[in-house]
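Q: So the chains spell out like this:
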Amino acid sequence: MVIKKLILFKIIVIIPITFILTGCWDNKELDTISIVTGVGIDATEDEDKIEFILQIERVSQHNTSPLEGANTNDSSIILETEAKGILSAIEKLQKQVTRDLFMHHNQAVIFGKEQAEKGIKPYIDAFLRQQDMRMETLVFVAEGKAKDILHNSMEQDSAFSSGITRMVDATNRYSESYSVRVLDLVSMIIEETTAPTIPIVRLEEHEKELRLLLSGLAIFNDGGLIGQLNEIETRGYTWIMDKFKTTFIEIDIEEGFSNLNISNIKYNLEPEINNENKLIISLEIIGDIVISEIQGFDNMTVKAVTDTLLEEGKKVINREIQTCFNKSKELNADFLRFGEEFHKKFPKQWEEIKNNWNDMYQEVELSTKIELNLIDTGKIVNSLNMKEEN
Amino acid sequence: MKIDKGKISGIQFMFTVACFLQSSSLLTSFFTSITKQDSWIVTILGFIVSIPSLLIYTYIMKIFPDKNLVEVNDIVFGPIIGKLFSIVYLWFFMTLSSLNIKDLGDFVHKTTMQKTPAIIILGIFMLLCAWAVRNGIEVVTRYSMFFTLIAIFIVISTSFLTMNQMKIDNFLPMLNQPRMIYIQGAHIISTIPFGEVMVFLMIHPNLEIEPKQRRKYYTYGFIIGGLTLLTIVIRDTAVLGNTIKIFALPPFETLRLISIYSGLSRIEVLFAVSLIMLMFFKICILYYVTVMSIAYIFNLKSFKSLVISVGIIIIMYSFSIYPSIIVHMNSASKTAPFQWFMFETILPFITIIVAKIRKLPKLKKGMI
Chain W
1 MVIKKLILFK IIVIIPITFI LTGCWDNKEL DTISIVTGVG IDATEDEDKI
51 EFILQIERVS QHNTSPLEGA NTNDSSIILE TEAKGILSAI EKLQKQVTRD
101 LFMHHNQAVI FGKEQAEKGI KPYIDAFLRQ QDMRMETLVF VAEGKAKDIL
151 HNSMEQDSAF SSGITRMVDA TNRYSESYSV RVLDLVSMII EETTAPTIPI
201 VRLEEHEKEL RLLLSGLAIF NDGGLIGQLN EIETRGYTWI MDKFKTTFIE
251 IDIEEGFSNL NISNIKYNLE PEINNENKLI ISLEIIGDIV ISEIQGFDNM
301 TVKAVTDTLL EEGKKVINRE IQTCFNKSKE LNADFLRFGE EFHKKFPKQW
351 EEIKNNWNDM YQEVELSTKI ELNLIDTGKI VNSLNMKEEN
Chain G
1 MKIDKGKISG IQFMFTVACF LQSSSLLTSF FTSITKQDSW IVTILGFIVS
51 IPSLLIYTYI MKIFPDKNLV EVNDIVFGPI IGKLFSIVYL WFFMTLSSLN
101 IKDLGDFVHK TTMQKTPAII ILGIFMLLCA WAVRNGIEVV TRYSMFFTLI
151 AIFIVISTSF LTMNQMKIDN FLPMLNQPRM IYIQGAHIIS TIPFGEVMVF
201 LMIHPNLEIE PKQRRKYYTY GFIIGGLTLL TIVIRDTAVL GNTIKIFALP
251 PFETLRLISI YSGLSRIEVL FAVSLIMLMF FKICILYYVT VMSIAYIFNL
301 KSFKSLVISV GIIIIMYSFS IYPSIIVHMN SASKTAPFQW FMFETILPFI
351 TIIVAKIRKL PKLKKGMI
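Going line by line, the protein sequences match chains W and G.
Take the first sequence: its letters are residues 1 to 390, numbered as in the UniProt record's numbering.
Take the second sequence: its letters are residues 1 to 368, numbered as in the UniProt record's numbering.
Misleading hints may appear alongside valid ones.
Claimed, not checked - Simulated DEER-style distance windows between Cβ atoms: (1) G:131 with W:4: 17 to 27 Å; (2) W:31 with G:330: 36 to 46 Å; (3) W:7 with G:127: 16 to 26 Å; (4) G:353 with W:15: 48 to 58 Å; (5) G:338 with W:242: 23 to 33 Å; (6) G:342 with W:44: 11 to 21 Å; (7) W:213 with G:157: 33 to 43 Å; (8) W:362 with G:320: 52 to 62 Å; (9) W:11 with G:269: 23 to 33 Å.
In short, the hints are calculated from the structure, not lab data.
None of these values were measured; they are calculated from a predicted model.
Cβ atoms here follow ideal geometry from the backbone N, Cα and C, with glycine treated the same way.
Next comes chain W alone, as it looks inside the complex (with noise of 0.2 Å):
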């Protein structure tokens, strides 16, 4: 009887502390926390100071029924304020709203241009070190204020972070240029060589309303933004990274215009240093080709037709390639980090390499081999207007 009153005992004082003593400092409620989707950071007329602005997420408004046509832009809260510090700036912030900041889902760090040409360098350490933000963060440059950029909604997703995330997985598909995660941001600063690259978010105008989309990538050296990337110099930037998965090559010449869809892309690039102390990069792309569209052509075989399309092809490539190599040369920025694959390569000519990496990228040789095999014609082999082979 004893023992049976000793065990019953234990069980009372057991079951309360399970309620009393879990987690009861740390608890976050949902109706306790404002969940930060966005964070902005733009220049301010104060050299030292920087403008922050958060994105919250409105958590009650999805209730209300579509039909109504919600104000979209009301979708989310936006919040500013003037700091030196992301976490001083935060610290602010959170004396505006009524419910505790909650960075923990926060999905995109948006730099305005003015702020990136002063340099970004410094605010990434708060992103790297804080608990609560994760390194997974997309990071992006506005043409224009970082501000706007939060403040404008898309019409499929009204809040921009949760609409540029779904915006980038889904160029993930085609190509991976434009997802640059903190770490892969981190990543690019800590090599010693490289350019770190950002995509930039623009706003359009579109009929009365903006609308937002992605162009081209910002390029960075130690101190700021330098230059940046067009769509041709981009598309060659992701021939050069082995960043596309699939895509069109467009070509237009005097006999026609067609598309051609490239899959299965192997990819091979093999850095070299000749007797000449020169350095050589070359490039090898194997793709796979299926004609997606033609037009014109008019009374060609299909066999000239296929063989100019696929000579045509790679010049196209090439062409790319090497209008973002030049531009790499001209703006004397390795953002195509081939220092970090002679590093891998040559790690004993490497701190040589280094100390005149400056010098020697204007030499660094690029040649290409492009190789592409015509594996399908579509639905269709002929073209309307092709000539009939016999």
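Keeping the supplied structure of chain W fixed, place chain G upon it in accordance with the hints.
A: Below, chain G without anything else, positioned relative to chain W:
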């Protein structure tokens, strides 16, 4: 005279050693911050370097099959000097326990519960450990197999889940850093996680297996633990690349990156669960060893009355051991390996040599 009459089987012992090593996966940043992409080479080096120490421990186990470290010291060095040696070891065990519980406290504080006072976390945790320790070694080691298998499962499954982010390139350039770095790294890893298995010298009299078999199980356990650690280091390097050197908890960051089409993501809590589980195990062993060495030094009849008070001392010690995490990291990668090296290799080695000179085990066996 044995205070704790619990028995451990060979398999249990093997998994105990493995589990003990796996729990060090938290500490990889001590050497990954120094050796960067070559950490996996250093792990293998450290593994090889600690094999001689392993042979020393198993030799002591063989020649004194039913005596624990404190008793061995008494026999080898005589009652007075032996006690001095034992007290030095006691300090070592106690420091290890407090360091580990401090690591756990820091981990919980940094990752999940930022506002909860450390004393609450550590107090509750120690209470659980004390409960296990009071019930003796059999209870402490019973879950080793279960814990080891869960830890291995988590390591393997997360390696698969991060496979899409791994880059072989991240291991290059290989062996391109100053030679001292490899020596330092190998030294750290051979003393901090691997050398700590010397605490089993306090437990081996409870083994149910033949003295000759002990080396086998000990080595197997060591290999399982070492391989798990190696897998973790390789996975982290492949995923994090050159950023591995800046993180205080590389495995945690790696798991945070897992994201399979935004459906399966944010599973770093798996790491937290497995780590707290493994740390519970490691701290139990260290705690038990500390309690037992006190009991043997003072020739007590029972160790149960000591458990709670030693637990309180360990917690208090863990609060005052380092003023800040920077000092902790510095000492872990610079001074601690040398201190531990003395306890883990030099002192046991001296024990063997003195025992050899005095031809002790045979004489003692004849007397009993």
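Q: Do the Cβ positions of residue 353 of chain G and residue 15 of chain W conform to the proposed distance bound of 48 to 58 Å?
A: Cβ of residue 353 of chain G to Cβ of residue 15 of chain W: about 57 Å, so the range 48 to 58 Å holds.
Q: Tell me if the beta carbons of residue 31 of chain W and residue 330 of chain G are separated by a distance inside 36 to 46 Å.
A: holds (43 Å)
Q: Is it true that the C-beta distance of residue 11 of chain W to residue 269 of chain G lies inside 23 to 33 Å, as the hint says?
A: holds (29 Å)
Q: Indicate whether the distance between the beta carbons of residue 213 of chain W and residue 157 of chain G respects the range 33 to 43 Å.
A: Check passed, 38 Å falls within 33 to 43 Å.
Q: Between residue 342 of chain G and residue 44 of chain W, does the C-beta distance stay in 11 to 21 Å?
A: Between residue 342 of chain G and residue 44 of chain W, where Cβ atoms are some 57 Å apart, the hint is violated.
Q: Could one say that the CB atoms of residue 362 of chain W and residue 320 of chain G fall in the range 52 to 62 Å?
A: holds (59 Å)
Q: For residue 338 of chain G and residue 242 of chain W, compare the CB-CB distance with the range 23 to 33 Å and indicate the outcome.
A: violated (46 Å)
Q: Given the hint of 17 to 27 Å, check if residue 131 of chain G and residue 4 of chain W actually sit that far apart at their C-beta atoms.
A: Once the Cβ atoms are compared, 21 Å apart, the range 17 to 27 Å for residue 4 of chain W and residue 131 of chain G holds.
Q: For the hint 16 to 26 Å, verify it against the beta carbon of residue 7 of chain W and that of residue 127 of chain G.
A: Check passed, 19 Å falls within 16 to 26 Å.
Violated hints, listed in ascending order, are 5 and 6; each of the other numbered hints is respected by the structure.
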